[in-house]
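Peer 1: These protein sequence lines are chains E and W, in that order.
Heads up, the first sequence is in this note's numbering, so the first residue is 5 and it goes up one at a time.
Heads up, the second sequence is in this note's numbering, so the first residue is 2 and it goes up one at a time.
It is worth saying that the hints were derived from the structure and are not from the lab.
Do not rely on the hints blindly, as some may be mistaken.
[Said to hold, decoys possible] Facing chain W, from chain E, some residues (calculated, C-beta under 10 Å):
| hint | residue |
| --- | --- |
| 1 | Ala29 |
| 2 | Ser36 |
| 3 | Ala37 |
| 4 | Glu103 |
| 5 | Asn107 |
| 6 | Ala131 |
| 7 | Ala152 |
| 8 | Ala186 |
For glycine and all other residues, C-beta sits at the position ideal for the given N, C-alpha and C.
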Amino acid sequence: MIARLGIIAAVAFAWSAPALAAGHATAAGVASATIVSPLRVIALAPMDFGDITHVDGTSGTVTVSPGAAGAQFSGGASAACSGSVCADAHAARFSVTGEPQRNYTIQLPATIVATGTGLSTTAALPALTVNGLTVRSASSATAPHLDAAGTDHFEVGGTITLPPDLPPARYRASFTVIVSYA
Amino acid sequence: MPKLRLSYRIGAGRLLACMVPVLIAASPGTARAATAATFTAIANQPLSFGTLVVSGSGSRTIAPDGTSTNNGVLPLGDSTSSPAQFTMTYTHASGLFIFYLLQIQVTMPSANSTTVNGVQGTVSNFTTDLPGLTTLQPGQTGTITTTCVTATCTIVFHVGGTLNITSGTRGAQMVFPVMLITSVTQVLG
Chain E
5 MIARLGIIAA VAFAWSAPAL AAGHATAAGV ASATIVSPLR VIALAPMDFG
55 DITHVDGTSG TVTVSPGAAG AQFSGGASAA CSGSVCADAH AARFSVTGEP
105 QRNYTIQLPA TIVATGTGLS TTAALPALTV NGLTVRSASS ATAPHLDAAG
155 TDHFEVGGTI TLPPDLPPAR YRASFTVIVS YA
Chain W
2 MPKLRLSYRI GAGRLLACMV PVLIAASPGT ARAATAATFT AIANQPLSFG
52 TLVVSGSGSR TIAPDGTSTN NGVLPLGDST SSPAQFTMTY THASGLFIFY
102 LLQIQVTMPS ANSTTVNGVQ GTVSNFTTDL PGLTTLQPGQ TGTITTTCVT
152 ATCTIVFHVG GTLNITSGTR GAQMVFPVML ITSVTQVLG
């Protein structure tokens, strides 16, 4: 019986006695983050189809394309001017600034709807739709890229369809382009 | 009956003889260690907040499990984020030990702020997945106790935190030191 008590006391001592600490250790880690400057896009010039006329009773289309001056006509549509004045038709132009050497994306609406103000009538005018929007950046046709200075430009073109018998009018529309880092 | 009592005493004596060597090996006060105990702490993986677009100011929090929370920042898809990973390793003075309790103090000595290219950043509100030490503020010391079942006890843990950013007009590559001072304060068993 005495032997048993001795064993129990020794076991209790073994679990309660603290050993000395082994020492200190310092771990040098890091936290990191890469901050990129926000993208900024500025509209430099509107999408301009110029002054257009069309054959009575015949519809037509007018197209402005990125990277090309002037407009292309089809159907009953044609330029209402000649020479250097007609060269004013052009695609919309934008500048982009942001983090150098990074790719970005351009998001366009599927269509743009323009509303008109009659030049010789107060009657309601049909809305005109610009579709077939196309974009081309100065850096790349497929993967827009900011240069070493963090800048780039791009143009947006499209095709507007003129219904037959459209009265003289001025049409305007606004649209939103969204640029994001790729 | 006398034969029976004699047999009992012999049995108890054998039990004591068997236990004594074990007790000597298990008691730190009586162990004869061939080598000294060692303790190391290393950083295995940085706390990475990824690549962020910040307009004005914002913050991003990375939790010890790697989940993230954004407030006024936009992480870019081509970047990765992760919590920091540290490993503490304690090797007992005697390789015979197979079960002991280890008490460790963890201290983060200072706050972490920096300014690069006009971008100001501060990392704070550190969190860990160490049991009983979910937060770890600069200047604060926390204590953990862990059970070790082998002579060499390895504790791998992760540290998250919150990055607060005030952006400038340019981008910046920001690096913050994350120093951990660790001490073994007690070994029980």
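Peer 1: Where does the structure disagree with the numbered hints, that is, which hint numbers, in rising order?
Peer 2: Checked against the structure, the hints that fail are numbers 6, 7, while the rest are satisfied.
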